[in-house]
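Engineer: The chain contents come next:
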Amino acid sequence: MAITKIAEVTVGSGGVASIDFTSIPGTYTDLMVVFGIRSGRANHSDEVDIKFNGVTTNLSGRYLSGDGASAGSGSVPVAFAGYSAGSTATANTFGNGQVYIPNYSGATAKSFSAEGTGENNATNSSRLIFAGLWNSTAAITSLSLYSDSANTFQQYSTATLYGIQKGSLAGVTVS
Amino acid sequence: MASAQVALATTTLGSAASTVTFSSIPATYRDLRLVIQGSLSAGSNYFKLNFNGDGGANYNYVFMRGDGTSATSGSSSNDVSIYQTPSSIGSGVNTMITADIFDYGQTDKHKSTLTRSHSDGVYVWAIAGRWASTSAITSVAVAAYSGNLNSGTVISLYGIVSA
Chain A
1 MAITKIAEVT VGSGGVASID FTSIPGTYTD LMVVFGIRSG RANHSDEVDI KFNGVTTNLS
61 GRYLSGDGAS AGSGSVPVAF AGYSAGSTAT ANTFGNGQVY IPNYSGATAK SFSAEGTGEN
121 NATNSSRLIF AGLWNSTAAI TSLSLYSDSA NTFQQYSTAT LYGIQKGSLA GVTVS
Chain B
1001 MASAQVALAT TTLGSAASTV TFSSIPATYR DLRLVIQGSL SAGSNYFKLN FNGDGGANYN
1061 YVFMRGDGTS ATSGSSSNDV SIYQTPSSIG SGVNTMITAD IFDYGQTDKH KSTLTRSHSD
1121 GVYVWAIAGR WASTSAITSV AVAAYSGNLN SGTVISLYGI VSA
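Residue numbers (my numbering), protein chains in the order written: chain A, 1 to 175; chain B, 1001 to 1163.
Everything labelled a hint here was simulated from the structure, so no lab data went into it.
Model, not experiment: these values are computed from the prediction.
Ideal Cβ positions, reconstructed from N, Cα and C, are used throughout, including at glycine.
It is possible that part of the hints are untrue.
Per label pair, the in silico range of CB-to-CB distance [what the hints assert, rightly or not]:
{"id": "1", "chain 1": "A", "residue 1": "Q165", "chain 2": "B", "residue 2": "S1091", "range": "24 to 32 Å"}
{"id": "2", "chain 1": "B", "residue 1": "S1018", "chain 2": "A", "residue 2": "S168", "range": "40 to 48 Å"}
{"id": "3", "chain 1": "A", "residue 1": "N124", "chain 2": "B", "residue 2": "D1100", "range": "38 to 46 Å"}
{"id": "4", "chain 1": "A", "residue 1": "N58", "chain 2": "B", "residue 2": "T1134", "range": "46 to 54 Å"}
{"id": "5", "chain 1": "A", "residue 1": "N124", "chain 2": "B", "residue 2": "N1078", "range": "35 to 43 Å"}
{"id": "6", "chain 1": "A", "residue 1": "Q165", "chain 2": "B", "residue 2": "G1056", "range": "32 to 40 Å"}
{"id": "7", "chain 1": "B", "residue 1": "T1019", "chain 2": "A", "residue 2": "N92", "range": "31 to 39 Å"}
{"id": "8", "chain 1": "B", "residue 1": "A1128", "chain 2": "A", "residue 2": "K5", "range": "26 to 34 Å"}
{"id": "9", "chain 1": "A", "residue 1": "T10", "chain 2": "B", "residue 2": "G1055", "range": "29 to 37 Å"}
{"id": "10", "chain 1": "B", "residue 1": "T1019", "chain 2": "A", "residue 2": "A109", "range": "22 to 30 Å"}
{"id": "11", "chain 1": "B", "residue 1": "A1132", "chain 2": "A", "residue 2": "V55", "range": "45 to 53 Å"}
{"id": "12", "chain 1": "B", "residue 1": "N1052", "chain 2": "A", "residue 2": "S13", "range": "53 to 61 Å"}
Could you put the whole structure together from the sequences, leaning on the hints where they help?
Structural biologist: Now the structure itself:
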């Protein structure tokens, strides 16, 4: 099996400021984070950011997004992970997304991709694809999801960290 | 998870190569997933994907692209490959590609692909491709349009098992 669940978090009552995964072993090839989050921001959505090893510097990226009416692209000095639902979004909706980080323990700059949607059973729902770079040669040993607007993640928000391991299967050759 | 992802093969290029080919892929999975992280040599410009050694004009794709300022869309019909970075990128620009190849072992349908890719600081793409063939895919080739895949490029192939 190439995908291993490393850890899973479900937010309890009262909410949390961030979801943190620490002491990530360097034994996998890639990492993947899958989340469903609702934040306390008084809006239909909130932006979920990600940081590695507790650092918010040397981050950059480009996004491609659509909201049902128009598409746009931009460059940002932060790391988008996706959208969460905000407190005015349809009840019981959570923004869902996935972040994929290849070669996370290598001694090269860390590229990653993210995609997600801010769920809302009304207008103002959106879809995001993000291309990110953490320009650091440090191995990633921890990562955190947090609200760009510094709001709390609400109860029942979840995030799961997976390790993806390279390998080979008898019969398949590569040349 | 509703599906399992099985590692089939991985290569890390120790020297530049024009093409990496995964061969003898068994038809025992539902889908395939290709993950690429690496870069191209000068003048190569594009990562591209071919199946079963078919270099004919049997590939079609449509893409949307963001460059940090605006979003655009384009397409190509009867092409000789499915471009995984369908815009010219510079040499040595770190690029990440995740391509899903659906129902690759089926012989009653053309083969569809969905790709998310980006080159750092240049573009981000989402690409939908089609190989106009009902043949089961038994080999997948990743190549540079011209020139080479740079040393250090990592390419992994996974099989996806239905739940």
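Engineer: Decide, hint by hint, whether the structure agrees.
Structural biologist: Here's how the hints hold up against the structure:
1. A:Q165 x B:S1091: 24 to 32 Å: Holds, at about 31 Å.
2. B:S1018 x A:S168: 40 to 48 Å: 22 Å, violated
3. A:N124 x B:D1100: 38 to 46 Å: 29 Å, violated
4. A:N58 x B:T1134: 46 to 54 Å: 48 Å, holds
5. A:N124 x B:N1078: 35 to 43 Å: 40 Å, holds
6. A:Q165 x B:G1056: 32 to 40 Å: 36 Å, holds
7. B:T1019 x A:N92: 31 to 39 Å: 49 Å, violated
8. B:A1128 x A:K5: 26 to 34 Å: 30 Å, holds
9. A:T10 x B:G1055: 29 to 37 Å: 50 Å, violated
10. B:T1019 x A:A109: 22 to 30 Å: 26 Å, holds
11. B:A1132 x A:V55: 45 to 53 Å: The hint (45 to 53 Å, Cβ to Cβ) holds, given that B:A1132 and A:V55 are roughly 47 Å apart.
12. B:N1052 x A:S13: 53 to 61 Å: 55 Å, holds
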